[in-house]
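For the record, the sequence lines run as chains A and B. Quick note on numbering: the working numbering labels position 128 of the first sequence as 128, and the sequence is numbered without any gaps. Quick note on numbering: the working numbering labels position 234 of the second sequence as 606, and the sequence is numbered without any gaps.
Simulated from the structure, these hints should not be mistaken for laboratory data. Quantities reported herein were computed from a predicted structural model and do not represent experimental measurements. Note that CB positions come from ideal geometry on N, CA and C, so glycine has one too. Take the hints with a grain of salt, since some may be wrong.
Said to hold, decoys possible - Straight-line alpha carbon distances no greater than 20 Å define the calculated SDA-like cross-link-like pairs of lysine to any residue that follow:
(1) 186/A x 724/B
(2) 558/B x 186/A
(3) 621/B x 54/A
(4) 186/A x 725/B
As the list claims (entries may be wrong) - Which residues of chain A face chain B? A few of them, derived with a C-beta cut under 10 Å, are:
(5) 189
(6) 191
(7) 196
(8) 234
(9) 235
(10) 252
(11) 255
(12) 256
(13) 307
(14) 311
(15) 320
Protein chains: 2
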Amino acid sequence: MNPSPSADHGADDSTGSSSETRSKRGAAQPAILAAAKQEPASHVPVWFMRQAGRSLPEYKAIRGEGTILNAIQDPERAAEITLQPVRRYGTDAAILFSDIVTPVFAAGFGIDITPGVGPTCEQPFASRSDLERLRPLDPSVDLTYQRSTIDILINELDVPLIGFAGGPFTVASYLVEGRPSRDFAKVKSLMTADPELWHELCDRVADNAIATLTAQVDAGAEMIQLFDSWAGSLRPEHYREYVKPHSAKVLAAMADLGVPRIHFGINTGELLNDIADAGAEVVGVDWRTPLPVARERTGGRVALQGNLDPAMVLAPWEVLEAEVLRVLDDNAGHPGHIFNLGHGVLPQTDPEQLERVIELVHRVGRTDGPRS
Amino acid sequence: MNPSPSADHGADDSTGSSSETRSKRGAAQPAILAAAKQEPASHVPVWFMRQAGRSLPEYKAIRGEGTILNAIQDPERAAEITLQPVRRYGTDAAILFSDIVTPVFAAGFGIDITPGVGPTCEQPFASRSDLERLRPLDPSVDLTYQRSTIDILINELDVPLIGFAGGPFTVASYLVEGRPSRDFAKVKSLMTADPELWHELCDRVADNAIATLTAQVDAGAEMIQLFDSWAGSLRPEHYREYVKPHSAKVLAAMADLGVPRIHFGINTGELLNDIADAGAEVVGVDWRTPLPVARERTGGRVALQGNLDPAMVLAPWEVLEAEVLRVLDDNAGHPGHIFNLGHGVLPQTDPEQLERVIELVHRVGRTDGPRS
Chain A
1 MNPSPSADHG
11 ADDSTGSSSE
21 TRSKRGAAQP
31 AILAAAKQEP
41 ASHVPVWFMR
51 QAGRSLPEYK
61 AIRGEGTILN
71 AIQDPERAAE
81 ITLQPVRRYG
91 TDAAILFSDI
101 VTPVFAAGFG
111 IDITPGVGPT
121 CEQPFASRSD
131 LERLRPLDPS
141 VDLTYQRSTI
151 DILINELDVP
161 LIGFAGGPFT
171 VASYLVEGRP
181 SRDFAKVKSL
191 MTADPELWHE
201 LCDRVADNAI
211 ATLTAQVDAG
221 AEMIQLFDSW
231 AGSLRPEHYR
241 EYVKPHSAKV
251 LAAMADLGVP
261 RIHFGINTGE
271 LLNDIADAGA
281 EVVGVDWRTP
291 LPVARERTGG
301 RVALQGNLDP
311 AMVLAPWEVL
321 EAEVLRVLDD
331 NAGHPGHIFN
341 LGHGVLPQTD
351 PEQLERVIEL
361 VHRVGRTDGP
371 RS
Chain B
373 MNPSPSADHG
383 ADDSTGSSSE
393 TRSKRGAAQP
403 AILAAAKQEP
413 ASHVPVWFMR
423 QAGRSLPEYK
433 AIRGEGTILN
443 AIQDPERAAE
453 ITLQPVRRYG
463 TDAAILFSDI
473 VTPVFAAGFG
483 IDITPGVGPT
493 CEQPFASRSD
503 LERLRPLDPS
513 VDLTYQRSTI
523 DILINELDVP
533 LIGFAGGPFT
543 VASYLVEGRP
553 SRDFAKVKSL
563 MTADPELWHE
573 LCDRVADNAI
583 ATLTAQVDAG
593 AEMIQLFDSW
603 AGSLRPEHYR
613 EYVKPHSAKV
623 LAAMADLGVP
633 RIHFGINTGE
643 LLNDIADAGA
653 EVVGVDWRTP
663 LPVARERTGG
673 RVALQGNLDP
683 AMVLAPWEVL
693 EAEVLRVLDD
703 NAGHPGHIFN
713 LGHGVLPQTD
723 PEQLERVIEL
733 VHRVGRTDGP
743 RS
């Protein structure tokens with residue numbers, strides 16, 4: 001771990017970092033911040049979930065030994081990985097190279113990321129005594145590497161940095177299941193059988209999310225995304241009862257900081273209105289739900305992010321091009337749209353395909369009405 | 373393989389088998405057939421996807437060595453496995469112990485079921501020449517064990533037997549991906565990049581489904597279910613263009629045979645109306661979509677099957693009981709409801725929990741209005 005930013009990046013001034021970024025790019029409001037407010041902009045903003053890492057050859061070249069958590073704890077490397085997709089693709093935002101389990105890892109829960117598997121815990125969360133392994137996070141001590149990474153980034157970036165944290169259900173699911181799950185049987189059982197313990201667990205997960213997000217915004221992140229990726233495995237009533245209050249708490253804390261908030265999950269067709277309700281300027285939509293349907297279900301009160309199927313990025317360009325145009329046409333030039341995939345970039349993705357996607361969206365996308 | 377039913381089951385009369393079953397149980401229409409017609413019955417019918425095999429100790433006791441395909445090809449054993457859950461739970465239907473890949477396996481494609489993984493192909497479907505590995509199925513030669521199994525069953529059962537086949541997208545996904553997939557990138561790429569080849573592939577898969585289903589109905593199956601389990605990974609337009617015509621063809625052929633048809637997939641919230649459109653008396657709904665929402669989206673023209681979350685069967689009884697009552701209350705006593713899980717029984721399920729579920733549904737469920 002490297003607790004302070006390296007001096008040669010000149011980022012040792014820990015205040016006003018984001019205003020430095022802002023001045024660097026001039027007076028115009030970045031397109032992605034305009035979209036979050038549902039205001040027209042010069043172009044349709046684009047970024048890709050999992051744009052940092054995974055599929056990029058320049059990432060593989062510097063990724064190094066050890067788990068992804070080792071790379072995350074190395075500010076120089078984490079910053080470089082964050083910057084790579086911005087340089088290559090010209091995305092309208094950077095997203096911090098980190099992981100949704102970083103805060104619980106930093107809080108000492110005992111979680112790792114096993115290559116080829118995902119987050120794993122030797123001792124999953126099972127009872128009240130496990131709460132002790134989720135102490136409150138003090139980012140100034142526990143996440144110094146995060147601060148150092150952002151300090152480097154703010155000096156380099158001319159687009160907004162998106163900070164992020166995992167949503168309560170998704171993080172809790174890894175803690176309780178002890179590994180990625182398809183059925184979420186253990187976590188759903190704990191949630192419904194012992195709601196008191198569940199709510200205490202989520203309260204700690206939420207507090208840690210607030211702590212890490214606040215630190216990211218303090219360091220200069222201009223937007224945040226709450227990744228409750230697996231919340232869509234719940235039926236709506238369970239979502240409302242067991243998850244939404246905790247997400248709402250995190251998102252309310254972010255509202256106090258004045259940054260636009262993106263709230264994301266997959267398979268959330270039936271939850272979209274509740275996800276919007278929990279508090280967000282922008283709601284993520286996967287490819288299963290057409291944007292007009294999502295807009296209707298959320299009553300037009302939020303901007304939408306999505307919703308190209310990441311699998312389609314692996315199809316030949318002619319097919320992919322038609323898919324991109326379909327997303328744009330579905331959106332019909334509504335200003336409240338951030339172009340993205342419906343889920344993360346697949347590891348086997350050819351970066352050239354994403355280069356062509358962003359070029360196309362930037363070239364033909366409109367934020368003031370349908371393409372002609 | 374045992375191509376003929378054993379004489380001591382007395383099922384060597386290969387005609388009129390289902391009328392034998394019908395006479396055995398008396399004049400009343402079975403509740404599950406009434407539900408498919410949206411007609412009130414004496415009780416709410418119940419069965420569980422994956423009720424045969426997997427979690428039952430009596431199944432494990434007779435499962436034997438080899439893969440599941442070996443057990444499927446042994447009529448005595450396959451019939452016994454089919455009967456076990458009917459005896460234990462008193463389900464309102466039996467479902468043939470088989471697998472969605474049985475027809476393509478029998479047609480010689482080169483597919484196996486690897487324990488702990490699922491269907492796997494050493495040489496996945498990749499190009500036109502692979503069509504040759506999907507020859508038309510002749511059930512009287514290729515699926516003699518299926519006939520023999522059903523012959524045994526028809527003699528033993530006093531509830532309807534549900535025949536089944538895999539839906540076009542789901543079967544094709546195994547052939548193209550070569551193993552279970554989370555992203556379906558290969559199959560979606562083939563589908564959209566070479567629609568002509570895709571449609572030829574699906575045409576063969578559909579013809580094989582029709583062949584196996586017709587043989588099952590001829591042997592005595594009184595309902596059928598088309599399992600397009602993974603179709604919900606597609607966006608609606610892709611479903612309509614690439615999958616629905618093939619499902620419609622299979623289901624139209626079954627309409628000609630006069631058996632009620634169930635059409636099932638998970639994550640299909642946005643597809644429910646198209647799935648109903650493809651042709652079915654009953655549409656399966658997973659727990660993500662509340663039954664009233666599903667009923668609205670399908671315009672009330674189909675009965676619904678579902679939609680208890682299989683993960684909830686692992687919760688303590690008090691929780692599970694509330695979940696079961698929630699499903700019944702959501703349905704409000706509509707006669708067009710077959711109680712089921714929203715997906716298959718999980719392997720770690722305690723059979724006693726399912727015993728209690730069916731007892732509760734049979735005791736308190738109503739088919740002529742809400743519970744008082």
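Hints, one by one, checked against the model:
{"no.": "1", "hint": "186/A x 724/B", "result": "18 Å, holds"}
{"no.": "2", "hint": "558/B x 186/A", "result": "31 Å, violated"}
{"no.": "3", "hint": "621/B x 54/A", "result": "41 Å, violated"}
{"no.": "4", "hint": "186/A x 725/B", "result": "16 Å, holds"}
{"no.": "5", "hint": "189", "result": "5 Å, holds"}
{"no.": "6", "hint": "191", "result": "9 Å, holds"}
{"no.": "7", "hint": "196", "result": "14 Å, violated"}
{"no.": "8", "hint": "234", "result": "8 Å, holds"}
{"no.": "9", "hint": "235", "result": "5 Å, holds"}
{"no.": "10", "hint": "252", "result": "26 Å, violated"}
{"no.": "11", "hint": "255", "result": "28 Å, violated"}
{"no.": "12", "hint": "256", "result": "32 Å, violated"}
{"no.": "13", "hint": "307", "result": "8 Å, holds"}
{"no.": "14", "hint": "311", "result": "4 Å, holds"}
{"no.": "15", "hint": "320", "result": "9 Å, holds"}
Checked against the numbered hints above, the structure violates hints 2, 3, 7, 10, 11, 12; every other hint is satisfied.
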